[in-house]
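Protein chains: 2
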Amino acid sequence: MTPPTASQLERPVVEAVDPGRRFDAILDAAEFEFANQGFKGASMRAIAQRANVAQALIHYHFETKEKLFEAMAARQANAINGRRAEILDELMDDPCLPSLEAVVEALFRPTIETGNRLAQGGGGYSRILVSVANSIDPRDQQLTERYYDPIAQKFISAFCTIEPRLNRQDAVWAYMFSIGVGMTMMARTGRSARLSDGQCDDSDIDAMLKEIVTFVCGGIRALVAQHALD
Amino acid sequence: MTPPTASQLERPVVEAVDPGRRFDAILDAAEFEFANQGFKGASMRAIAQRANVAQALIHYHFETKEKLFEAMAARQANAINGRRAEILDELMDDPCLPSLEAVVEALFRPTIETGNRLAQGGGGYSRILVSVANSIDPRDQQLTERYYDPIAQKFISAFCTIEPRLNRQDAVWAYMFSIGVGMTMMARTGRSARLSDGQCDDSDIDAMLKEIVTFVCGGIRALVAQHALD
DNA sequence: ATTTCCTGACTGAATGATCAGTCAGGATGT
DNA sequence: ACATCCTGACTGATCATTCAGTCAGGAAAT
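Protein chains in written order, with this note's numbering: chain P, 1 to 230; chain A, 1001 to 1230.
If you're looking for bench data, these hints aren't it; they were derived computationally from the structure. No residue lacks a Cβ here, since even glycine has one placed at the ideal position from N, Cα and C. Hints may be right or wrong, so weigh each one.
[As the list claims (entries may be wrong)] Quick partial rundown of chain P residues pointing at chain A, CB under 8 Å, derived from the structure: (1) 41; (2) 131; (3) 169; (4) 183; (5) 189; (6) 214; (7) 215; (8) 219; (9) 221.
[Said to hold, decoys possible] Label-pair distances were calculated between CB atoms; the ranges are: (10) 49/P with 1210/A: 47 to 57 Å; (11) 67/P with 1161/A: 45 to 55 Å; (12) 1165/A with 59/P: 52 to 62 Å.
Make the full structure from the sequences, and use the hints.
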């Protein structure tokens, strides 16, 4: 993956797409197409067209469709998980322990704020995340392992610190279940509106996040209570 | 072509596909391929090959790939949701109200018992369910609306009956989140084992279901408590 | 004798990838 | 100063392959 060189960015040009931005334009287009059509459903032609670029240029920069996908996913995963780690570290480094609620919110907010933007470049990465997280395809599993497992371990440890009676095993389940609940928000299928006659809106992020935090924290505390007698 | 001989069969099941069973053999093969490759990734060729049948026969019986998919999904959805309704009705018709735990278990057990079998015909329908439930593709949304929304409403109502202080809106969220948690179990990615050094096994259905029921019920009760002051 | 079941051979469209070659501009040599 | 070379960015044309779907007609069942 060749990053844009400095000389390109300085070069003053007037063209359809600023040559220095074409690399990123391809990633943006790929994100959009992969999010809406899936890996198989998205075609290199459609991505090229959306990026206003010759199809061959994509192969020039990224070689294969698989590597394009990984580059696109890595860009967002690093942005999201960097922010997650930042917030979590800040919370845990504080002398007084944070609430479970604060940690759970740190788990979700960066994902939805970075991955849910549809305007300006954001292609709906959170939808890609949903399918990656539930996939058994080696490509997706490797991606999860490489970019998401490390931060997952940090959150699991945080759960254990805040709820000392939660054993590690339950903490892992708690993490997995939390991610599952978060899927509901990231997939944004509109089903909740259908089931509630429009009263529950999965595009109202803040309202939904509040419900999710309540639900997840309640679930975790129930896991703690379950073994209170052990 | 000469009638298929036993030696041609890849699977140990029956021999020389009984002509009357070919219709179902195609559905079984489709389920397997769709579950493991996705809708786009599964090819009619591969399905035909797995079913030991000419590709044209699939088109004879089901016309298009889309209709084959729907037929395959409908078969399992009806089996699963029929069983769910049966259990739920039995619980709710009893003069004394069931526990929330019993209802939540009724929500999940038929799905995993019918949709998780990999042996003898079962192709891992639960994985298809996961991608359908999180998809924005009209094909998947219609399928959810037609086959899953009715039973969803029954469970949402059951939540409200058992927890009278739960308003309908929160009950819908509770249902959505519960399904999200269930995804963790149905996707069976093996991630929980990776995150826990093998201590959490997502193929141990009974152990996992117990954790899920605890977590979900805790979550629902937290939603109830949230509005206790209203 | 019909209807139903089933097949091999085929089609046109779409796919990911490749390749020779253009172009602009920086570096090098004189 | 000028000519030469080199490289990274980029493209149109085209490749082999795979795809879902079609069709004429054979085989089997009723």
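Q) Quick check: which numbered hints come out false for this structure? A) none
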